[in-house]
Every structure is written in structure tokens, then in C-alpha cells.
Amino acid sequence: MKDWIDVYKSNAVLEVGRAVLKHLSGLSSNEKIVILCIGTDRSTGDSLGPLVGYRLSRYRTLSALVVGTLDHPVHAVNLKETLERINREIPNNFIIAVDACLGTHGNIGYIKVAKGPMKPGSGLKKDLPETGDIHITGIVNHGGFMDFMVLQNTRLSLVMKMSETIADGLQYALWKYHRTGGKLLNPHMQ
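For the sequence shown, my numbering assigns the number 1 to the initial residue and increments by one for each residue that follows.
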């Protein structure tokens, strides 16, 4: 089950929130939600995850643990260690993984919310562990040739818009989920 959201639609935040809610409806009450924001602040295109984490860490009412911010990013060098620490300290976790990705020209500006893990760094041929019970990816630029340079030359305005949309959508989904006590009768109508 995948949802594709155009970041430029006026209701994009609500659509991200609803897409996340669909996946939270089967969550066990004793699972702790961890939002794992992957990327680095040293590359414009790859800064989506840390920007989402930064924004989420500013919310006072967020009912989830946020890992990966501008100050403490989770990236290729420390991802494996971070996942081991999360699984050791919070064995009963539900991970929402957030990362930037490259796609086709027509998909730039779309956010994908999908069930199952994602493979961070695969666009840059990095061998990193899969992560996420669900994942959210923002397509920040087109891929296929000199992907590292493409990430470096991504529009900051797009990355900022996506990070705000994803963070606000997650905040809405978590607020709605906990407000209903985790009992979502129809997440499509929330």
C-alpha cells in the first residue's frame, strides 16, 4: 500500500497525515513510535530527513521519539549503530523512516508513504541496512546520472517545503492517533 502526495497541493499536509494514519491503525498499544530521520545537513538534497527531525523536535506535543536532526543527523556512517541502539533501548518499536530520494523528472516534488522498510542510500549505491515499519520518502530531484552531484544541486526551497509538509503531516497523524486512543475506525475519513 503506497500513497503518493504532491507537495504543492493545498491539502498535502492532511494527505500525508491520512496516509500515515492508515499504517498506524494496526499498531499495538505497547509499541513505541520512533521517527527515524535519515540524511545529512552537508548536502541540500539529502537534508530532508534532518530537517524533518529538526522541525518535529520543536513540537512539544509529539508523542514519538525523534532520532535524526540537524544537530545530530543519522547518515551512512552511523545508521547501523543507531538502529542497533534503537532496537536495544526500545525493543518493542515501530519505526517510521524518513529520507530523501531521487526519482524520475515527473515525480519530483512527490512524497511517498508506504508500508515496509526502505533501503537508504540505494540511489548512491551504498550498502546500508533496511529500516522502517513504514517509510516516507521525498523525491527531491531526478536520478540516473551523477546522483551525488544532483543531490548537491537540489533546490533548497523544495526540500524545505517537503520537510514542513512531512513534519506537519506526522504531527497531525500522531495527534489524531493518540486522541482516538489508537482506535481508528476508518482512517480514510479521519
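Keep in mind that the hints were calculated from the coordinates and are not lab data. Among these hints, one or two may not hold up.
[As the list claims (entries may be wrong)] Pairs of lysine-lysine, BS3-like flavour, derived with a Cα cap of 25 Å:
| id | residue 1 | residue 2 |
| --- | --- | --- |
| 1 | K161 | K22 |
| 2 | K80 | K115 |
| 3 | K119 | K32 |
| 4 | K161 | K80 |
| 5 | K22 | K126 |
| 6 | K2 | K32 |
| 7 | K9 | K126 |
| 8 | K80 | K9 |
Hint check results:
1. K161 x K22: OK: K161 and K22 at ~23 Å, within 25 Å.
2. K80 x K115: 21 Å, holds
3. K119 x K32: 22 Å, holds
4. K161 x K80: 28 Å, violated
5. K22 x K126: 30 Å, violated
6. K2 x K32: 23 Å, holds
7. K9 x K126: 32 Å, violated
8. K80 x K9: 35 Å, violated
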